[in-house]
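> Sequence:
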Amino acid sequence: MEKNRSHILVVDDDDKIRSLIKEFLIAKGFIISTAIDSKDAKSKIEMFNFSLIILDVMMPGQDGYELTKELKE
1026 MEKNRSHILV
1036 VDDDDKIRSL
1046 IKEFLIAKGF
1056 IISTAIDSKD
1066 AKSKIEMFNF
1076 SLIILDVMMP
1086 GQDGYELTKE
1096 LKE
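Residue numbers for the sequence shown follow the working numbering, beginning at 1026 and rising by one.
To be clear, the hints were calculated from the coordinates, so they are not data collected in a lab. Among the hints, a few may not be true.
[To be verified] Simulated restraints, written as ranges between beta carbons of each label pair:
| hint | residue 1 | residue 2 | range |
| --- | --- | --- | --- |
| 1 | 1038 | 1094 | 27 to 33 Å |
| 2 | 1087 | 1052 | 17 to 23 Å |
| 3 | 1032 | 1087 | 28 to 34 Å |
[As the list claims (entries may be wrong)] With a cut-off of at most 25 Å between alpha-carbon atoms, the simulated DSS-like pairs for lysine-lysine come out as follows:
| hint | residue 1 | residue 2 |
| --- | --- | --- |
| 4 | 1097 | 1067 |
| 5 | 1053 | 1094 |
| 6 | 1069 | 1047 |
| 7 | 1067 | 1094 |
| 8 | 1064 | 1097 |
| 9 | 1097 | 1069 |
| 10 | 1094 | 1069 |
| 11 | 1064 | 1047 |
| 12 | 1041 | 1064 |
| 13 | 1047 | 1067 |
| 14 | 1069 | 1041 |
| 15 | 1041 | 1053 |
| 16 | 1094 | 1064 |
| 17 | 1069 | 1053 |
Yeah, the Cβ is synthetic: ideal placement off N, Cα and C, and Gly gets one too.
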């Protein structure tokens, strides 16, 4: 099976959910980075070019909706 080399960022404040999504996607051949909140996600977005961002909408501080709006601008 050919490995998919797309780089995905998983952003979630829940360690278990973040780990489960990461493990599943790694098994499917994706390159995965994770972030625990919007601040962490923004620093990683500056460093890497992601193919996809999986983003929790209910996080402390800046929520997923606010981060999405900021990234679109």
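> Compare the structure with each hint and give your call.
Here's how the hints hold up against the structure:
no.: 1; hint: 1038 with 1094: 27 to 33 Å; in the structure: 19 Å, violated
no.: 2; hint: 1087 with 1052: 17 to 23 Å; in the structure: 30 Å, violated
no.: 3; hint: 1032 with 1087: 28 to 34 Å; in the structure: 22 Å, violated
no.: 4; hint: 1097 with 1067; in the structure: 13 Å, holds
no.: 5; hint: 1053 with 1094; in the structure: 29 Å, violated
no.: 6; hint: 1069 with 1047; in the structure: 16 Å, holds
no.: 7; hint: 1067 with 1094; in the structure: 13 Å, holds
no.: 8; hint: 1064 with 1097; in the structure: 16 Å, holds
no.: 9; hint: 1097 with 1069; in the structure: 16 Å, holds
no.: 10; hint: 1094 with 1069; in the structure: 17 Å, holds
no.: 11; hint: 1064 with 1047; in the structure: 19 Å, holds
no.: 12; hint: 1041 with 1064; in the structure: 19 Å, holds
no.: 13; hint: 1047 with 1067; in the structure: 18 Å, holds
no.: 14; hint: 1069 with 1041; in the structure: 20 Å, holds
no.: 15; hint: 1041 with 1053; in the structure: 19 Å, holds
no.: 16; hint: 1094 with 1064; in the structure: 14 Å, holds
no.: 17; hint: 1069 with 1053; in the structure: 22 Å, holds
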